[in-house]
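A.B. asks: Construct all of the structure, not just a fragment, from the sequences and the given hints.
Protein chains in written order, with our numbering: chain A, 1 to 239; chain B, 1001 to 1524.
Derived from the structure by calculation, the hints contain no laboratory data. Ideal Cβ positions, reconstructed from N, Cα and C, are used throughout, including at glycine. Please note that a few of the clues may not be correct.
Coverage of chain A stretches by chain B, computed from C-beta distances (three or more under 8 Å per stretch; other residues unrestricted) [what the hints assert, rightly or not]:
1) 23-34
2) 72-82
3) 91-98
Label-pair restraints from in silico Cβ distances [stated by the list, open to error]:
4) A:E25 <-> B:D1088: 42 to 48 Å
5) A:D180 <-> B:M1214: 43 to 49 Å
6) A:T106 <-> B:P1281: 46 to 52 Å
7) B:T1419 <-> A:L154: 47 to 53 Å
8) B:R1490 <-> A:L154: 53 to 59 Å
9) B:A1287 <-> A:E166: 43 to 49 Å
10) A:F151 <-> B:T1201: 55 to 61 Å
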Amino acid sequence: MIRRPGHTVNDTLGRTTASPLPAVEGLDARLASANVASWGGDPELYTRFFGTSLELELERGGSTQQPMTQTVLALAALAAWRSGVLDLRQDALGRLTEALESGSVTASVLASALGLQAGELADFVRCQAESPFGWPARGSGEVVVARVGGFRGLGGPWTAPPASAERLSPDGDFLITLADGEVWRLEADIFGTRLSRAEGGPDLVTRPRAEPAASEAWPIRVAVFDTSYLAWLVLGQAA
Amino acid sequence: MPNRWNKISASPTRTGTGASHPGLTAEDLFREHTSQPNVALDEKLRQVYYWLVNRAVISPFYDIEFSFDAPLSFPLGDAGAELHLPTDQSYSSNVLLPLLTFALGGKCLLVGGPGRGKTTLAVLMGVIAGGTPQEVRRSVQQGQPQLTVGDLVGMPLPRDLVNAASLPEIEIAWRGWLTRPVKIIDEYNRIPTKTQSALLTMVAEGYVESYDQMLSTAPESGVESWFFTANDDAGGGTFPVIQALKDRVDVTVAALGFNSRFFDELITRVEAGEKPEEHVPAELVFAPAEQQALAAAIRAVPVPRTVRRQLEFFASQFEFVQHGGRRFEYRTKDTVMTGGGQVGEVIDSNTGADLQVDIGAQTTNSLSARALQSLITYAKAMAYFRGVPAVGLDDVAAVLPFSLRGKLLPNELHPRFETGADRELATDSISWLADLFDQSCRQFASLGLAKSDAVGELLATFAQGLDGVSQVEGSRRLTAIESQIQVISRQKKLYGRHFDDLVALKYLHQRYSNYLQWLESRPR
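C.D. replies: Pasting the structure below:
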């Protein structure tokens, strides 16, 4: 069996038939989907989570009433982040907190945009405040969060297996050195990863983060094996 | 407009670099993300390149190779030929270098037999700079043996010639092409010598003069690029090109032949009667402000210290020739050439150094500061085009052969060109120059110069200034300089790299000696 890159949170999702997104006046769903793809997200996942949450919201408000633009934006941001757009995390979390505090959107609608149950949402927000890898159903022991990289011949980015990894910050910033000496930067959170070639070496890739560093309650590391072209993001036991 | 011309490569055209979008918000999801003029000019430049190679010019040659790791190589035939399959984006020199010339405002010579698309490529650059195809084609100056200065720059008005009491009263009807951002001179080696001199003033100084009247050739953007075409750059043509004009050319690119596997495209064009310059998509045209920003952004790309040092080492190899003169400073190829001697013979008579190791022995001349400036500018342009934050050694290696072609001349008496596998390098100057730089980099590494640079440290200490340097400290530095000279003196073989070091050490010695003398003569 050939293992492919991917996120554990998506492994149990199963397949669904893509249904067209409900129309929202003034917002181009096709454009949003294309943007998600260009920012490294999975447009199918985005359509799935955004569509589900939007339908729930429409049911709640009655079929004739258009949802508030701010509600749609919050759901779109959450769904896009959930589909793997790393750079939307801060905006999505901000909108989620605001919606929960104001009560403008129900917890079940918000939770559906993230693929969660309504009861898990408060826990999720608390966990995410601690770490970008915070997840309510964490389980015990070491947990694989994501598999990244892969052999170029099978659609991955690398021509040599990863040889070592160095953590730049507890927020999911890593440098991965391949067996042929190439250095790649890995940025990740619970829903998405971004791999980019670290041109200019480590000096150019460290940058200060605006958010506070994640707590060691969610110790994340990258594991590499001689026998695999994949690098494994592993969440360890809390310190 | 036929659809086949409209396809522009989708962004990003380079992957694996700078893919993050900090500060994204939900509103951005529903916005069209068109390129922002200031940040995406390099992306636009790459889109132009891909449009040119994929749509406009039939040029399937990827001779400027970049690889992340060793490229896949296939030996071909029994004469040592190899085909490399590079692993990073690689480029076609005869399209990329003219495009970089346009971007930075340089001077490019396109050489090659008739009908290879040299003029078409230059005209395309003119259209990308904002001209209409008709305007650009009309502004192409055709070199011919009867071309006068008047034909080239314009004529004085006959009325003024009769009525004017003095030269300043004569008004000149300047030719329109003079102020275009892209200037094209076709077959420049057919232009008479006198007219070439007028051309030189334009190319070198950026103005043109006639009857005491002057016109600046700078266009609105201030960025002007020149394209010259010639059937060869080895002295052919009706008139020999004057050396000063030749020296102004920043890069020389050969227009490569037609690949017969692309015959279908050729037939389609014949049947449709289409010319690529008439179908340049509007999105690919650079406005004057964009051209200005592009040239400024290219110049701003930094050259890291490690790359500078390798370039210094390469450039230091070519000036020195052991028996070129008596005094140390005059032991140069220039002394031999200006004295009417044969540099090749002088190099041959040197038994004190190993000709196989001495890179400088492979050339009959040295590098001018102007040639090095062009090389640095084009290396910056290459790094900018590739979207990398600083000039790398691979960027320098990619442009160096095209930048130094015709400027660094091979010494045909060198044993390398006489026999063996390298004989073909005597005529293939691009491969030879690429190999010369490779050799220099290997030598730099084997001598361990990346780790220690005693002369560089002495120069850096001096660059901190002499203010407050005590007599004792000054004397200590003088001693350090003398011992460094002693270190070189002890080596029995002398190479070009030592020449530049020794001249620099003598300079430092003078500066410190003068300073110490001044300190001593000061009233206490």
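A.B. asks: Test coverage of the region 91-98 of chain A by chain B using CB-CB distances below 8 Å; three residues minimum.
C.D. replies: The restraint on the region 91-98 of chain A holds, since 3 of its residues have a Cβ under 8 Å from chain B and three suffice.
A.B. asks: Quick check: does the Cβ-Cβ distance between B:A1287 and A:E166 fall within 43 to 49 Å?
C.D. replies: Holds, at about 44 Å.
A.B. asks: Is it true that A:E25 and B:D1088 lie within 42 to 48 Å of each other by Cβ?
C.D. replies: This hint holds: roughly 46 Å between Cβ atoms.
A.B. asks: Using the C-beta atoms of A:T106 and B:P1281, is the stated range 46 to 52 Å upheld?
C.D. replies: holds (48 Å)
A.B. asks: Residue count check for the region 23-34 of chain A against chain B: does it reach three with CB-CB under 8 Å?
C.D. replies: With 4 residues closer than 8 Å to chain B, the region 23-34 of chain A meets the three-residue bar; holds.
A.B. asks: Just to be sure I understand the hint, the distance between the Cβ atoms of B:R1490 and A:L154 should be within 53 to 59 Å; is that true here?
C.D. replies: Check passed, 58 Å falls within 53 to 59 Å.
A.B. asks: Would you check chain B against the region 72-82 of chain A, counting CB to CB pairs closer than 8 Å, and say if three or more residues qualify?
C.D. replies: holds (count 5)
A.B. asks: Just tell me: holds or violated, for the beta carbon distance of B:T1419 and A:L154 against 47 to 53 Å?
C.D. replies: Given a distance of about 48 Å, which is inside 47 to 53 Å, the answer is holds.
A.B. asks: Between A:D180 and B:M1214, does the beta-carbon spacing fit 43 to 49 Å?
C.D. replies: This hint is violated: roughly 59 Å between Cβ atoms.
A.B. asks: Mind checking the hinted window 55 to 61 Å against the Cβ distance between A:F151 and B:T1201?
C.D. replies: Given range 55 to 61 Å: holds, Cβ gap about 59 Å.
This entry does not satisfy hint 5, going by the numbered hints stated previously; all others are met.
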